[in-house]
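Chain by chain, the residues run as shown.
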Amino acid sequence: MGFLAAQPMAAFQLKLGDSSIQLNQRYALAGIGEVQIKTVKFYVSVMPHTERAMRPISAEEYHLIDFAHPSSLVIPVEVGGSNATSIWIGVDSVTQVSGLFMGDLDPLKGMYWTWQSGYISLKVEGELFKPNGDATSFEYHLGGYRMPHSIYFPLHTNSSFKTFQLILNIEPFLKQAVTQFPAKVVSPGKDAYLLGELFAQSFYLLPHE
Amino acid sequence: MNRKVLFVCLLFTLVSLGFTFTVGSSIHYIWPKKLYEVELNALSKKKIALGRLLFYDTRLSANNTISCASCHSPFNAFAHADHALSHGIYDSIGKRNAPSLMNLAWQPNFMWDGAIHHIDFQALAPLTHPGEMGESLENVLKKLNGIQKYRTLFFEAWNDSNANSSSLLKSLSQFMLSLESKQSKYDSVARKEAVFTPQEERGYNLFKKHCNSCHQEPLFTNYSFQTNGLRPNKNINDIGRYTITHQVADSFKFKVPTLRNIEYSFPYMHDGRYTNLTEVLQFYAKHATVAKNGAAVPLSAEQKIDLQVFLLTLSDPHFIFNPAHGYPMELLTIEK
Chain E
1 MGFLAAQPMA AFQLKLGDSS IQLNQRYALA GIGEVQIKTV KFYVSVMPHT
51 ERAMRPISAE EYHLIDFAHP SSLVIPVEVG GSNATSIWIG VDSVTQVSGL
101 FMGDLDPLKG MYWTWQSGYI SLKVEGELFK PNGDATSFEY HLGGYRMPHS
151 IYFPLHTNSS FKTFQLILNI EPFLKQAVTQ FPAKVVSPGK DAYLLGELFA
201 QSFYLLPHE
Chain C
1 MNRKVLFVCL LFTLVSLGFT FTVGSSIHYI WPKKLYEVEL NALSKKKIAL
51 GRLLFYDTRL SANNTISCAS CHSPFNAFAH ADHALSHGIY DSIGKRNAPS
101 LMNLAWQPNF MWDGAIHHID FQALAPLTHP GEMGESLENV LKKLNGIQKY
151 RTLFFEAWND SNANSSSLLK SLSQFMLSLE SKQSKYDSVA RKEAVFTPQE
201 ERGYNLFKKH CNSCHQEPLF TNYSFQTNGL RPNKNINDIG RYTITHQVAD
251 SFKFKVPTLR NIEYSFPYMH DGRYTNLTEV LQFYAKHATV AKNGAAVPLS
301 AEQKIDLQVF LLTLSDPHFI FNPAHGYPME LLTIEK
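For the protein sequence lines, the chains are E and C, in the order given.
My numbering puts the first sequence at residues 1 to 209.
My numbering puts the second sequence at residues 1 to 336.
In case anyone wonders, no lab produced these hints; they're calculated from the structure.
Please note: incorrect hints may appear among the correct ones.
Computed footprint of chain E on chain C; a stretch qualifies when at least three of its residues, placed anywhere within it, have a C-beta under 8 angstroms from a C-beta of chain E [as the list claims (entries may be wrong)]:
no.	stretch
1	127 to 140
2	163 to 175
3	316 to 324
Derived lysine-lysine pairs resembling DSS-like cross-links, with alpha carbons at most 27 angstroms apart [stated by the list, open to error]:
no.	chain 1	residue 1	chain 2	residue 2
4	E	K41	C	K33
5	C	K208	C	K192
6	C	K208	C	K304
7	E	K109	C	K192
8	E	K190	C	K95
9	E	K184	C	K34
10	C	K142	E	K38
11	C	K33	C	K208
12	E	K109	C	K34
13	C	K234	E	K184
14	C	K142	E	K123
15	C	K34	C	K46
16	E	K109	E	K130
17	E	K15	E	K162
Label-pair restraints from in silico Cβ distances [stated by the list, open to error]:
no.	chain 1	residue 1	chain 2	residue 2	range
18	E	E34	C	F75	57 to 63 angstroms
19	C	K149	E	Y204	33 to 39 angstroms
20	C	L40	E	T136	53 to 59 angstroms
21	E	S71	C	A42	30 to 36 angstroms
22	E	P172	C	N233	43 to 49 angstroms
23	C	H287	E	E34	54 to 60 angstroms
24	C	P108	E	E78	45 to 51 angstroms
25	E	E197	C	K149	47 to 53 angstroms
From the three backbone atoms N, C-alpha and C, an ideal C-beta is built for every residue, glycine too.
Given the sequences, and given the hints that come with them, work out the whole structure.
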């Protein structure tokens, strides 16, 4: 008989360039100034790769990754019959219009717009300190499920049974966000979509030791 | 001779009856399927009763002064009669008039701009809006969970004395879903239980000719978003559906409201600018852009009256004066 493999896990880590960082601490943002990140939280859905196009995503397959809550940073992954799992960032349009859910999709988590229906796929908040002493707060609440500006992007497809790390290097996202976008992007639209796409492209994989 | 007179009278009577019966038989009275998935939140008396308490409870607002019913009054078909623009806590004035609430299970989206696509989330908008009830979901739940009576009611309804997002919002949904209006004179005529008067019938014919492309029977709305030629209020600058879709074609479009119980749901339009139906029909006759050629709807004075008389057949006193919809006296016994 075979043996039961340990449940593979995905562990998320936050970096600025090559350095791991903590929330609410100041770090240099090269060429721009210093940044203090207050919030980074986002939804991911994890399901067997071959099933993603075949069925709705269940509420239990959504996870809210919140760097303010370390317990949320390690999540189980399901490989399914295809031996591959896919992780997407954001909340898909079917879930968006399917009514009220609990668990990580509970509106109490602060990731649901109240002024219009829809989940906020990701939040990045903080403050930028320029060399001249100016301080600006930035607030990116990126969501929306209507095409063409749906904040729902593939993050990773993994075909390994082993636990792995997904590193979010937030430096390129922040550099573009604070220089090329308004300080507040808090509703669906083109800016939110472009920033969401940048954010999704900021992840890379590390095999876990 | 008598036979001839009798025959003519009989013929006249039959023609008259046939004329009126024709109206009843021509009503296409088929209700579409409800859009709300009731199987996911099966209606129960206890849940509806709990939702009704919550609907009328001012505790759901930040300063404990405003409830859902403050803007959605049962005697106004759950619309807001006091003001053109509805207001919330600390007398903050909003941008729109609260729409009437009825037959919500058939509605594909909510609010004048369709911002909310599921009734289970609807209450979140006014609950948390700083100009309406100004509260947070967390704080509302904290308040409710601190009151023994509510803990008992939540347990009886949901088998969990601890209120959470789901049990709170779904209770409110259940009460709102229970607000069904189908007992107007129009409904009776459609079911062949009554007949229109000749004037009502004339009004109905005018309605079918000029109004029912958007105000489709039997819900008296097709829930589409339209402009009808209303000039925007420069002080408010409400761009309607565009706020949600960011499509230029949706600028200044608002949801077609139901005409059911329109007698009770004044004032009219998304910003409550018309206080009575005469003003509304005056607008449609002179300034609206709803006809196929983009023009107004030409109506004589008599026709306007006939149309109003028909619209009054959409009044449903069973709905308006149903004690099950009104203020729950039990709320007075819940501790402060």
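Outcome of the hint check:
Under a criterion of three residues with beta carbons nearer than 8 angstroms to beta carbons of chain E, the stated coverage of the stretch 127 to 140 of chain C is upheld, 5 such residues being counted. Check on the stretch 163 to 175 of chain C: 5 of its residues sit with their Cβ under 8 angstroms from a Cβ of chain E, so the three-residue criterion for coverage holds. Look at the stretch 316 to 324 of chain C against chain E: 0 of its residues bring a Cβ nearer than 8 angstroms to a Cβ of that chain, fewer than three, so the hint is violated. Straight-line distance between C-alpha atoms of E/K41 and C/K33 comes to about 39 angstroms, which puts the hinted pair past the 27 angstroms bound.
Between C/K208 and C/K192 the alpha-carbon distance is near 19 angstroms, which keeps this suggested pair within the 27 angstroms criterion. Of the supplied pair hints, the one linking C/K208 and C/K304 holds, its CA atoms being roughly 14 angstroms apart against a limit of 27 angstroms. Taking the CA atoms of E/K109 and C/K192, the gap is near 52 angstroms; set against the 27 angstroms cutoff, the hint is violated. Between E/K190 and C/K95, the direct Cα distance comes to roughly 26 angstroms. Compliance with the 27 angstroms bound is thereby established for this hinted pair.
A hinted pair counts as satisfied when its Cα atoms are at most 27 angstroms apart, and E/K184 with C/K34 does not qualify at roughly 39 angstroms. With a C-alpha separation of about 26 angstroms, the suggested pairing of C/K142 with E/K38 holds against the 27 angstroms cut-off. Annotation: proposed proximity of C/K33 to C/K208 holds, straight-line Cα distance about 23 angstroms (limit 27 angstroms). Restraint check: the Cα-Cα separation between E/K109 and C/K34 comes to about 30 angstroms, which exceeds 27 angstroms; the hinted pair is violated.
With a C-alpha separation of about 26 angstroms, the suggested pair C/K234 and E/K184 falls inside the 27 angstroms cut-off, and the hint holds. Proposed proximity of C/K142 and E/K123 is supported: the alpha carbons are some 25 angstroms apart, at most 27 angstroms. Distance hint between C/K34 and C/K46 is fulfilled; the C-alpha atoms sit about 22 angstroms from each other, no more than 27 angstroms. Simply put, E/K109 and E/K130 have alpha-carbon atoms about 32 angstroms apart, too far for the 27 angstroms limit, and the pair is violated.
The straight-line distance between the Cα atoms of E/K15 and E/K162 is roughly 22 angstroms, inside the 27 angstroms bound, and the hint therefore holds. Take E/E34 and C/F75: their Cβ atoms lie about 60 angstroms apart, and the range 57 to 63 angstroms holds. The given range of 33 to 39 angstroms is broken by C/K149 and E/Y204, whose C-beta atoms sit roughly 54 angstroms from each other. For C/L40 and E/T136, the Cβ-Cβ distance of about 44 angstroms falls outside the hinted range of 53 to 59 angstroms, so the restraint is violated.
About 34 angstroms separates the C-beta atoms of E/S71 and C/A42, a value consistent with the hinted range of 30 to 36 angstroms. As the Cβ distance of E/P172 to C/N233 is approximately 45 angstroms, the hint placing it in 43 to 49 angstroms holds. Roughly 58 angstroms separates the CB atoms of C/H287 and E/E34, a value that falls within the hinted 54 to 60 angstroms. Range check, C/P108 to E/E78: about 34 angstroms between beta-carbon atoms, so the 45 to 51 angstroms window is missed.
A C-beta distance of roughly 50 angstroms is found between E/E197 and C/K149, which places it inside the suggested range of 47 to 53 angstroms.
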